[in-house]
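Enquirer: The primary structure of each chain is shown beneath.
Protein chains: 2
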Amino acid sequence: MPELRFDPLQNQWVIIATERETRPSDLDYRAKYNHVTACPFCEGNESLTPPEIWAIRDPNTFLNSPGWKVRVVPNKFPALKIEATGRRIKTGFYEKVEGTGTHEVIIETPEHDVDLTDFTPEQTKLVLFTYQERLKELYKNPLFKYILIFKNHGKRAGASLAHSHSQVIAMPIIPRNVSLKLQVAKKHFQKKKHCLICELIQQERKNKVRVISLDGRFIAWTPFASRFPFEIFIAPIKHNHRFEEIGNNDLESLSKFLKDVLLRLKSVLNDPPYNFILNTSQNLKACSKSSKDKLPAIKYYYHWHIEIIPRLTRIAGFEWGSGIYINPCVPEAAAKYLRDVKIV
Amino acid sequence: MPELRFDPLQNQWVIIATERETRPSDLDYRAKYNHVTACPFCEGNESLTPPEIWAIRDPNTFLNSPGWKVRVVPNKFPALKIEATGRRIKTGFYEKVEGTGTHEVIIETPEHDVDLTDFTPEQTKLVLFTYQERLKELYKNPLFKYILIFKNHGKRAGASLAHSHSQVIAMPIIPRNVSLKLQVAKKHFQKKKHCLICELIQQERKNKVRVISLDGRFIAWTPFASRFPFEIFIAPIKHNHRFEEIGNNDLESLSKFLKDVLLRLKSVLNDPPYNFILNTSQNLKACSKSSKDKLPAIKYYYHWHIEIIPRLTRIAGFEWGSGIYINPCVPEAAAKYLRDVKIV
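Chains as they are written, first to last, in our numbering: chain R, 18 to 361; chain P, 18 to 361.
The hints are simulated quantities; they were obtained by calculation from the structure and are not laboratory data. Keep in mind that a hint or two might mislead.
Identical chains share a label here; the pair holds if one copy fits it or two copies do between them.
What the hints assert, rightly or not - Straight line, CA to CA, 20 Å or less: simulated SDA-like cross-link-like pairs of lysine to any residue:
(1) 198 <-> 28
(2) 302 <-> 321
(3) 107 <-> 216
(4) 198 <-> 29
(5) 283 <-> 131
(6) 359 <-> 42
(7) 107 <-> 222
(8) 276 <-> 358
(9) 208 <-> 24
(10) 49 <-> 172
(11) 93 <-> 316
(12) 208 <-> 360
(13) 210 <-> 25
(14) 359 <-> 264
(15) 198 <-> 110
(16) 208 <-> 65
(17) 142 <-> 20
(18) 172 <-> 44
(19) 283 <-> 40
(20) 153 <-> 189
(21) 223 <-> 112
(22) 113 <-> 216
(23) 223 <-> 25
(24) 153 <-> 266
Turn these sequences into a full structure, and let the hints guide you.
Expert: Spelled out as structure tokens, the structure:
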């Protein structure tokens, strides 16, 4: 069973995949896709994945058979498992928990050689709709405090299969990075009575220098203190803490907006590897008991957003030791490249 | 001038190398060394580096000429610069500081094709002695709150030149990761009246399963919640908060110990890329004013140590989004491989 282990000095949880019995020879730091003779994510190969959890299907087609547009299956090598007991075991200083959770894969398209920049806006909308459906469904379980949806594009960004897919991990804890953001946003609201991200959006719209793209509903910019070259932040202009709540028009608009931003990135940097992270609210049901007395309510201070992190630089000793990133590229210059590029 | 920029949402400082004017085509995520026709770190090529700051030299040899054993020069592309004003500039929510600091390179050997596992213990001792000398010298400057010494081994760990070298970055702030460790260690001491790392060492010695190597003075183990496969932690058994204070016998012992541990790593994983980080105390002079009233004193609760992080796995969307690492390798299994390997 995967274990969540706590490090008392680094003050953080780590998932140890105890079942894999990784041998030194299995650890290969060169970027490559898993060797597969047939792609398990292609239409027609449905039997190569664990049984389907959810899908958008043509009428009169069957579970685990062709005829789908987006398909959700369990991850074959889950980081966390639902069967885990969640039992805490303490040994001296050390604490471990059998990691309860789920790990799903969203297969974004039946076709093998396409990605989000090739999709029709309709197809992207189906993918985003699937994100919403999985969030709504999994957040019904009070065991899951946070659900992270993310996507690794390209081998060097950690994708192990080439076929375009996203991943969903539901966790029994609010992870460190999310918890930090929630704290910062809450503190800001308590002090200023405004949402931090709403205010950041206002400032970026006024300054203009870091804005990549802006329509009536969404804005994309390179953060003032971008950790990585060409890092991109996308947020809805209208305040909303839950991605899973946004309506049909927003979803349609976001599909086009996202394709445009990703095409700009692809054009400027020649299809770079990237990580895509959806940041939405924590599970209000799971956290409601303890947070009842902790006003303000999250719906006022949190604002869902997407982070896109191109993987162009290497994390080295300085970053691990200090926690400070060195970005060789000025965010204002990156924004200008992304803004000015002619999309072909 | 490099800028330290603060991100209000991620709640962290980032160094933006504003002078490099990085163009998209300069960003190449494939691992490679900088193209150099002659290695600037080789003996005889002293004129290819900025002027020497410090060196261990044979008698009757001259600055910036052959005849040295270890040589310290400024980094040609410094992350932080001493000429910076340290001026804070606020624009709306955003804050930036001209990044005052220094960035030095320690050339560990005059020879090109050798690394720490090839060095004689005497040569390694000279390198460790140089670490001490630079820490002592730079900590005289109250501007520098923390000095990080680290080493990137191999292209994929971020080394841009193949010739074996370490780096020293002196910073005007205590960086996030160090500050977090200091807080945890202090809190532990306040509660338990013991050093956290001393207690971890005791527990590891008792458990044995994660111990790689142990002599009368030093211990190496794989942390219980290792973030990465084959992560290694080295610490002195006797409590000491400052690496720069340890005496000649300890230095001699550590040189042999370090070589042995690195040889084990090299043998088990076929010379993997790794990052090496020296964690020592903050600048007591620079921080004394504000910390006078903050007992207990750091010398009681902090314990210097070395972290070695082999770079075998990829950080992907899940890690960026959650801050939780997934380690596919059980630390106890990694320790056994490292303990049992026959060094050739």
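Enquirer: Decide, hint by hint, whether the structure agrees.
Expert: These are the hints, each one checked on the structure:
1. 198 <-> 28: both (17 Å within a copy, 8 Å between copies)
2. 302 <-> 321: For residue 302 and residue 321, the Cα distance is within 20 Å only inside one copy (18 Å; across copies 43 Å).
3. 107 <-> 216: Cα proximity of residue 107 and residue 216: across copies only (15 Å, versus 44 Å in one copy).
4. 198 <-> 29: both (16 Å within a copy, 11 Å between copies)
5. 283 <-> 131: Result: close within a single copy only, 13 Å intra versus 40 Å inter.
6. 359 <-> 42: Between copies only: 16 Å across, 45 Å inside.
7. 107 <-> 222: Close across copies (17 Å), not inside one copy (50 Å); limit 20 Å.
8. 276 <-> 358: Classified as within: same-chain Cα gap 14 Å, cross-chain 51 Å, threshold 20 Å.
9. 208 <-> 24: between (33 Å within a copy, 18 Å between copies)
10. 49 <-> 172: The answer is both: 6 Å in one copy and 17 Å across copies each meet 20 Å.
11. 93 <-> 316: neither (35 Å within a copy, 48 Å between copies)
12. 208 <-> 360: So residue 208 and residue 360 fail the 20 Å test inside a copy (42 Å) and across (60 Å) alike.
13. 210 <-> 25: Between copies only: 16 Å across, 35 Å inside.
14. 359 <-> 264: Answer is neither; intra-copy 31 Å and inter-copy 62 Å both fail.
15. 198 <-> 110: Only across copies: residue 198 and residue 110 sit 16 Å apart there, 28 Å inside one copy, limit 20 Å.
16. 208 <-> 65: Neither: 53 Å inside a chain and 53 Å across chains, both beyond 20 Å.
17. 142 <-> 20: Neither: 35 Å inside a copy, 40 Å across copies.
18. 172 <-> 44: Classified as both; 15 Å inside a copy, 17 Å across copies.
19. 283 <-> 40: Answer is between: at 15 Å across copies they meet the 20 Å cutoff, but 36 Å inside does not.
20. 153 <-> 189: within (16 Å within a copy, 46 Å between copies)
21. 223 <-> 112: Classified as between; 17 Å across copies, 48 Å inside a copy.
22. 113 <-> 216: Result: close only across copies, 18 Å inter versus 40 Å intra.
23. 223 <-> 25: Answer is between; shortest inter-copy Cα gap is 18 Å, intra-copy 44 Å.
24. 153 <-> 266: within (19 Å within a copy, 62 Å between copies)
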